[in-house]
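Those protein sequences? They're chains A, F and Z, same order as listed.
Our numbering puts the first residue of the first sequence at 3, with every later residue one more than the last.
Our numbering puts the first residue of the second sequence at 827, with every later residue one more than the last.
Our numbering puts the first residue of the third sequence at 33, with every later residue one more than the last.
Bear in mind the hints are in silico, worked out from the structure with no lab data behind them.
No residue lacks a Cβ here, since even glycine has one placed at the ideal position from N, Cα and C.
Treat each hint with caution, since some may be false.
[As the list claims (entries may be wrong)] Part of the chain F face toward chain Z, derived, beta carbon under 7 angstroms:
no.: 1; residue: 939
no.: 2; residue: 941
no.: 3; residue: 942
no.: 4; residue: 943
no.: 5; residue: 972
no.: 6; residue: 980
no.: 7; residue: 983
no.: 8; residue: 986
no.: 9; residue: 1057
no.: 10; residue: 1059
no.: 11; residue: 1060
[What the hints assert, rightly or not] Some residues of chain F that are not near chain Z, with every Cβ distance over 12 angstroms (derived):
no.: 12; residue: 925
no.: 13; residue: 979
no.: 14; residue: 992
no.: 15; residue: 1055
Listed here are the chains, written in short residue letters.
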Amino acid sequence: MIRISGVSKNFTLHNQGGTVIPVMAGAALEVAPGECVGLIGASGAGKSTLMRMVWGNYLAASGSIMVGGLDVAKAEPRQIIALRRVTLGYVSQFLRVVPRVPTLDVVAEPLLQLGVPQDQARDRAAGLLARLNIPQRLWSLSPTTFSGGEQQRVNIARGFAHTYPALLLDEPTASLDAANREVVLSLILEAKTRGAAILGIFHDEGARARVCDRLVDVTGFTPKVAA
Amino acid sequence: MTDQAYNFAYLDEQTKRMIRRAILKGVAVPGYQVPFASREMPMPYGWGTGGVQVTAACLTPDDVLKVIDQGADDTTNAVSIRKFFQRTADVAVTEATAEATMIQTRHRIPEQALTEDQILVYQVPIPEPLRFLEPRETETRKMHSLEEYGLMHVKLYEDIARHGSIATAYAYPVKVEGRYVMDPSPIPKFDNPKLSDCAALQLFGAGREQRIYALPPYTQVVSLDFDDHPFTASKAPHDCDLCGASESYLDEVIMDDAGGRMFVCSDTDFCASRRAEGHVGRLGAAEAGK
Amino acid sequence: MSRMETLTTPLLQVEHLTKRYGTRIGCADVSFDLWPGEVLGIVGESGSGKSTLLSCLAGHLTPDQGRVIFDTRDGPRDVLAMGEPERRRLSRSDWAFVHQNPRDGLRMGVTAGGNVGERLMAVGARHYGDIRAKATDWLGRVEIAAERIDDRPSAFSGGMQQRLQIARNLVTGPRLVFMDEPTGGLDVSVQARLLDLLRGLVREMGLSAIIVTHDLAVVRLLADRLMVMKGGHVVESGLTDQVLDDPQHAYTQLLVSSVLQV
């Protein structure tokens, strides 16, 4: 489902004398449907960078990133937009939403984008929010005022609203209590069961052990720094 | 009686030719506002300078001229314009609609049906019907040329929204031959149906705004409206108190400070002719006895 | 919109659009495609040419070179080669333009209902009851109470005026909306409400939109794709979040790093 090969990444800091910082080279990995692959490596080794390149958020300098038949590294923006809508989900560490929009609609939005009728999308969103223990009295409020843990759970509900064939998870269990962590892990396991290919970053080793089939250490993708 | 210091009908011949060319263009493109080089006239703007120039350009020594203001031959504006042409053109004048070959009017169309031998000249204060909603002349001209007339209905919409019906009672916009939207000058909307299929040539002159437009004989003129708020030609629900006419446009005259009022034909010639024929209204006998 | 994947014709194809003011460059050699259902953001500082570009696209300015091909209901046509009547007809039916200042996009002397109804009447609606019903419906959609239908926009707040302008523009179901700083000059809380409204409308109606703004937060929330302009040139374009999070051009990096963090 996801196949990365020969991917490299540089940052060019034009406003700091054009410094070129190579951050990744020769990255390669595969995630099959129904499989969960965990990225490991020290902080700053490039786990998030690789994840963001798969998401299309960072541009790859070379190589190919195939997701469901589309090479994200070379795709047109509109192809990536379609990919994100239908095929590829992403639970980031931060919730970014339009202020004022009720939580229920924030979670339902990925389904509305797909043309799912509003009541159906809201039912699904309500189910997820309930499962993630977001009190119902908060559903009509914007999540912008929620606590960090609540925002994280809203973000997860949103990421799991649509049954994406491929999922990117960036620290989905961070800042969650034990009960909610359990809910998230079962959501991940359910996604695997239905055949989703999952690429994740889990600092939580217990969680990693529960859901990941394989681990890939991104330290191996660190460029050999010459300068 | 002609004052020899003036050319026939006051304007010089070149000016009259210029105005006639504008008129011909207006006749060729019914409802289209033709710009013309309006002259200073020896009367203030708002007193019919546009109509006077059109009349002067069309007048021949054989014409019989009638001038009305709000339907009346004897009001200040009508009297002064009539005298102006008597002095500068020495033409015959009349108050009888049927006898006139040329009629200059302000705010009315005579009740009596006009004939092919007559020309009706309107005095126009503001020729641009779109102006109240779109003040830019460059834009309104473009709207005319591209037939973008949605805005005209916005005005009527506003009327209904505010008053429950189309409250525009005069200067009611019309569409000419399915093409140009035209301001018929401030005639009551009661007169609008008479614009259409009229046997006489109708000419409109706006002096201050330097525009001439025309309706050739038998032009189709339709008053704008909505499907669910159709145009109605309304008048006061009375008969003329002097001649008893039920189908003419009426002026309301306050008689005293105790609420006494009477309704009389605004077309004085029409009213007088009927009374001469023996028609008598509610207060007609008393009037005749004076 | 799932139809986005199935359609193979861009709604708008812009090719080498150039506009000069004498020797000064307004915008130079701008090319891009806009696909149905897509929202394109154009950012840049004042004088970067973004407003010039928008004016050229919307037909308010005549560019010196280039083509603007719009997928009309009768197939793709070069808008710049159209006669004025046709282009104006297009801008009344398939296009909409939301001005930064609602006073530029509204008739301040006409009631809210008349403002919304104008476009309907402009395309031939002649039934007062229908026009009013549609205007009422649209006021509701932009969260203006139905009882304000006979009030003039001068009695409205800035945010309401902007929402009214949007209703007036969208009532005829356009396919392409041009927006010039649609949230400029509004309070932050009002901005958020407007952004939410715009997002919902874009999604429900399958609209395509081109939004010119200098507010990077606005484009992040509204735009699928982003074009960064400087000195009349497009210096960078791509997915909105990619351009903002991994800017490639020196100017974009400067722009992104200059935003105050809240």
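Hint check:
no.	hint	verdict
1	939	violated, 31 angstroms
2	941	violated, 35 angstroms
3	942	violated, 34 angstroms
4	943	violated, 38 angstroms
5	972	holds, 5 angstroms
6	980	holds, 5 angstroms
7	983	holds, 5 angstroms
8	986	holds, 6 angstroms
9	1057	violated, 12 angstroms
10	1059	violated, 19 angstroms
11	1060	violated, 18 angstroms
12	925	holds, 43 angstroms
13	979	violated, 4 angstroms
14	992	violated, 9 angstroms
15	1055	violated, 5 angstroms
Figure legend: structure checked against the earlier numbered hints; hints not met, in rising order: 1, 2, 3, 4, 9, 10, 11, 13, 14 and 15.
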